[in-house]
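Following the hints, position chains B, C and D against chain A.
In case you want the letters, here they are:
Number of protein chains: 4
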Amino acid sequence: MNTVEELMKQITSFRDERNWKQFHTPKDLAISISLEAAELLEVFQWSGTDLIVESKKDKIAEELADVMIYCGLMADVTGLDVSDIITKKLAENRAKYPVEKAYGKSDKYTELK
Amino acid sequence: MNTVEELMKQITSFRDERNWKQFHTPKDLAISISLEAAELLEVFQWSGTDLIVESKKDKIAEELADVMIYCGLMADVTGLDVSDIITKKLAENRAKYPVEKAYGKSDKYTELK
Amino acid sequence: MNTVEELMKQITSFRDERNWKQFHTPKDLAISISLEAAELLEVFQWSGTDLIVESKKDKIAEELADVMIYCGLMADVTGLDVSDIITKKLAENRAKYPVEKAYGKSDKYTELK
Amino acid sequence: MNTVEELMKQITSFRDERNWKQFHTPKDLAISISLEAAELLEVFQWSGTDLIVESKKDKIAEELADVMIYCGLMADVTGLDVSDIITKKLAENRAKYPVEKAYGKSDKYTELK
Numbered sequence: 127m128n129t130v131e132e133l134m135k136q137i138t139s140f141r142d143e144r145n146w147k148q149f150h151t152p153k154d155l156a157i158s159i160s161l162e163a164a165e166l167l168e169v170f171q172w173s174g175t176d177l178i179v180e181s182k183k184d185k186i187a188e189e190l191a192d193v194m195i196y197c198g199l200m201a202d203v204t205g206l207d208v209s210d211i212i213t214k215k216l217a218e219n220r221a222k223y224p225v226e227k228a229y230g231k232s233d234k235y236t237e238l239k
Numbered sequence: 127m128n129t130v131e132e133l134m135k136q137i138t139s140f141r142d143e144r145n146w147k148q149f150h151t152p153k154d155l156a157i158s159i160s161l162e163a164a165e166l167l168e169v170f171q172w173s174g175t176d177l178i179v180e181s182k183k184d185k186i187a188e189e190l191a192d193v194m195i196y197c198g199l200m201a202d203v204t205g206l207d208v209s210d211i212i213t214k215k216l217a218e219n220r221a222k223y224p225v226e227k228a229y230g231k232s233d234k235y236t237e238l239k
Numbered sequence: 127m128n129t130v131e132e133l134m135k136q137i138t139s140f141r142d143e144r145n146w147k148q149f150h151t152p153k154d155l156a157i158s159i160s161l162e163a164a165e166l167l168e169v170f171q172w173s174g175t176d177l178i179v180e181s182k183k184d185k186i187a188e189e190l191a192d193v194m195i196y197c198g199l200m201a202d203v204t205g206l207d208v209s210d211i212i213t214k215k216l217a218e219n220r221a222k223y224p225v226e227k228a229y230g231k232s233d234k235y236t237e238l239k
Numbered sequence: 127m128n129t130v131e132e133l134m135k136q137i138t139s140f141r142d143e144r145n146w147k148q149f150h151t152p153k154d155l156a157i158s159i160s161l162e163a164a165e166l167l168e169v170f171q172w173s174g175t176d177l178i179v180e181s182k183k184d185k186i187a188e189e190l191a192d193v194m195i196y197c198g199l200m201a202d203v204t205g206l207d208v209s210d211i212i213t214k215k216l217a218e219n220r221a222k223y224p225v226e227k228a229y230g231k232s233d234k235y236t237e238l239k
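Chains as they are written, first to last, in my numbering: chain A, 127 to 239; chain B, 127 to 239; chain C, 127 to 239; chain D, 127 to 239.
Where hints are given, some of them may not hold.
For identical chains, the list gives no copy identity; a pair is met inside one copy or between any two copies.
Subject to a maximum C-alpha distance of 25 Å in a straight line, what follows is the list of computed DMTMM-like cross-link-like pairs (lysine to aspartate or glutamate) [said to hold, decoys possible]: (1) K183 to E165; (2) K147 to E188; (3) K215 to E226; (4) K135 to E237; (5) K222 to E237; (6) K239 to E226.
Hints listed in this document are in silico derivations from the structure and should not be mistaken for laboratory results.
Please read these numbers as outputs of a predicted model, since none were measured by experiment.
Okay, chain A solo, but in the shape it has when bound (with noise of 0.2 Å):
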């Protein structure tokens, strides 16, 4: 069992041992969580209905890590922990989305009655 905290230190050494943080602007690290957020969606393109992924499972666990090392980056350059901007976001979350308007429903929430 990881902490957040062990998996940050893995992905701050790896950069830090390549001397890669003078790159690491907010604005690139934003770039670049897009693009990797790219090359997963490439996953599922012309993939029409079929639902089906155990055949790209590799693959998906690949793009997902790199977008997810991206974030991790980001919030280490902009000095967020991560434990607490997801904590705190889905508590904002359960405010703009209650329960009981919310259920069963995927309509954003401006437009929850």
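Same frame as chain A, but now just chains B, C and D:
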């Protein structure tokens, strides 16, 4: 100090209390990760060479958390363990980017000499 | 001087000669536009504040063309006329961004005074 | 019947009346194209296998136009001719995807037999 499992539990509980898993096909989650990555990127649109982020820190925190929450949901529905796939991908990256070749360079591994 | 119709014909002929329309759901085309936009964006990853594009011009041309080709395909399958929707959107943008308020400012219309 | 040049003129005039060219670095335009592509993609989020687009046609028109307008602006600042690059890219695609190999298949050219 949260473990990754505790964070994952927070994320999936939020979803399950609202009965939203039915909407979470891997394809639509991959789309959602891309959309949230774009919202994060939007923070840096028109910022030119201005790299000051302090005033944008709350917005970055919020959007970055959204990306990571959807990553957690993707890991859950595809049966992937977040710690495992990050650790594994970092190992692959270490092989692709050996310290002696990649030190201080932003080149893609295909262009490293 | 090509008309938009002539360009559209080149684009749809390429598709139809290969019998590809069957794959072109609007959802998968929207994904494809996003993926090609990411490939264009990748040209600028890690460029920091370096805005020189001459050496990247061929790559930009190629990726930009890909985005526009998929946009043409999307217009075709959804029955939209490219000239019409651009002209209409520019009219809406003129209303949102009146010259006297927006002159020389990069603010979003919701923040213009 | 608009020529591409007439459409480009509409697009660049809108920009120049507002003195916005100063903000339009290729990097920020590439970001903008990605952001607009994401807004178009958002129309299809959570749509599952539901491919009916009639009710979403106005929204698609608007977001698709935004992507193309930014593509036009990118072509302008990088000195690329829209008709030329599309014609050239289609020629490259014809070479990559010969009709006899690609007919009725959605495979990437690297996987065609």
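A quick look at each hint next to the structure:
When the C-alpha separation of K183 and E165 is checked against a cutoff of 25 Å, the pair qualifies both within a copy, at 14 Å, and between copies, at 23 Å. Proximity of K147 to E188 under the C-alpha cut-off of 25 Å is found in both arrangements, the shortest distances being 22 Å within a copy and 23 Å between copies. Taking the shortest alpha-carbon separations for K215 and E226, only the intra-copy value of 19 Å comes in at or below 25 Å, while the best inter-copy value is 38 Å. In the homo-oligomer, the alpha carbons of K135 and E237 never lie at most 25 Å apart, since the shortest distance is 41 Å inside one protomer and 27 Å across protomers.
With identical chains, the CA atoms of K222 and E237 are at most 25 Å apart both within one copy (11 Å) and between copies (24 Å). Proximity of K239 to E226 under the C-alpha cut-off of 25 Å is restricted to the intra-copy arrangement: shortest distance 10 Å within a copy versus 39 Å between copies.
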